[in-house]
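Residue numbers (full-length UniProt numbering), protein chains in the order written: chain A, 1 to 275; chain B, 1 to 330.
Treat each hint with caution, since some may be false.
As the list claims (entries may be wrong) - Computed footprint of chain B on chain A, listed as stretches where at least three residues anywhere in the stretch have a Cβ under 8 Å from a Cβ of chain B:
no., segment
1, 169 to 177
2, 181 to 188
Unchecked claim - Away from chain B, derived, C-beta distances all over 12 Å, residues of chain A:
no., residue
3, Phe45
4, Asp166
5, Leu265
6, Arg268
Hints are computed from structural coordinates only; laboratory data are not their basis. From the three backbone atoms N, C-alpha and C, an ideal C-beta is built for every residue, glycine too.
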Amino acid sequence: MLRENHPRSFWALLLLFVVFVLFLYGPTITITILSFQGPEGGLTFPMRGFGTSWFTQVFQAQSVGDIGGSFERSLILGAIVCLTTVIIAFMAGLAFRLRFKGSSILFYIVIASLIMPSIVISLGIGSLFELLGIERNWFSSGIGAHLTWTLPFGLLVMLAVFNRFDRRLEEAGRDLGASRFQVVMHVILPVVAPALVGVGLFGFTLSYDELARSSQAMGALNTLPLELQAMQTNATTPVIYALGTLTTAVSLVVIAVSLSLVLLLRARRARRSSI
Amino acid sequence: MARVELVGLTKRYGQTTAVDTVSLAIPDGTYCCLLGPSGCGKTSTLRMIAGHERISAGDIFIGDTVVNDMTPVQRGTAMMFQSYALFPHLSVTDNVAFSLHMKGVDKSTRRRRAAEMLERVHMERYAERLPGQLSGGQQQRVALARALITNPKVLLLDEPLSALDPFLRIKVREEMKRLQMELGIVFIHVTHSQDEALALADLAVVMNDGVVAQSGSVRQIFNEPTNAFVASFIGGHNVIPGDLIGRGRVDVAIRADHIDIGQAAPGETSLQGTVRMVEYQGTNVHLRVRGPAATDILVIKSEDAFDRDPVNVGQAVTLRWVATAARELH
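Work out the full structure, taking the sequences as your base and the hints as a guide.
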């Protein structure tokens, strides 16, 4: 009988992988556990009792900061950035197929904002608004700052998607009497929809946890990562852990929603083919 | 009347000319095959007729109308794309009903008409499947139904059989021919397969380097090739220099099955050679004979004829044929 024995290298690599996973998720797990400290508990182990009191405190007025407000702003900002990124990345992906004049220069200009240090871009946006005498706000300069981060990502994804897109599908659409707009709505958009869900997910999560690009661009009102950073410097209670647990939960929910969206699309196809 | 006529049709891509002043008249109700090696301009020609490629020069007539600047729907053409280009996100029914949907036909009408069309191509059982769940042959039928539901005056087919396995190819090609006769419309079918063209075409158009090398009925093309390219591309022919057999400085074409082995009778031409290969092919046996000036000559004999007078590799033989079997080429 043949038996497959794993070579020694398998076990070495497995160990490396386990250590890596611990390193990746250890901090999150630690913080999640610590956020359930009892009311007498502190910032470090051991646990003194067990409870959810710190979670209720999150939403009460803090000595420093405004967690509820910044949380809400981050969610709205993330949603706006997500939607804007999806729309612009889709249209830019369509445009870049045409190899128009100056398209490669435009491409490098867009990608350049990925390479530049985030803090420099944030400072630049901050001082530009200062210079023009426009007040910085999370819903103006803030959105702009986040789009400098999410749009290049979205564009790169869409370029890869359209690179593989079979243009004969469009020709077939035209051949069957669809107008250019109908081709976009009935052929291109449905075919690339799963990729757009991905771009949206990217857009939301990149915006939701962005710190460096937010730092100089948000104006008076903080987003959640900024608020967390401010609290971290003078936090004395596990409330900051509770907040960390909550934001992690939000990220998980977003991922779960996206995945179920993709699964739903798949299920619809499967249901259609059940006959 | 939906005859198709090309007048000086030209397609240039930058410096290269893909289709060079092609003129061609395809009568109504004709099954026309555009035949040639890849890069000969046959697909560009088809795509210009379809309206998916701009015309650099010349005119396309469908019926009495110049259709150069019309959309595919205005032309009354429908195209079946290579590897079919079915919409991957739509069910078979929705694929077939797509053109009706775009026209704004209501849902129940278009579903009914799609169902009728699917019945016609025997695909009604697969109406709710997605294209990804169909075999190549089934996809081909759906693509055909999707094109035919537009009631085209001209059906354009870009290598419609190349994605199928050889067995299915022969079966589907029979169905295509039957369908074309039933509908009585012009089919223009692009292929690089001689067998396909010979089996299907009323009008065969052999293309090479962007020009028409020869057009006519398949029998004309097979029996009377006018140039060396057609004779060698259509297969079953030997092209040899005329001075080997005292015909001067022209090439001649001789059908491989018109050559026999043995001493020449009066009125026959003969050539000495050595057998280089004997290949059994079932019905026929193929012999490759090395003649003078290193010319390879293909001889096709039926199995029975070969068995009556077998030869071996390395044997010296005399090839013979009636003088009229050798056609001069230009």
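*asked:* Please list, smallest to largest, the hint numbers that this structure does not respect.
replied: Violated: hints 4, 5 and 6.
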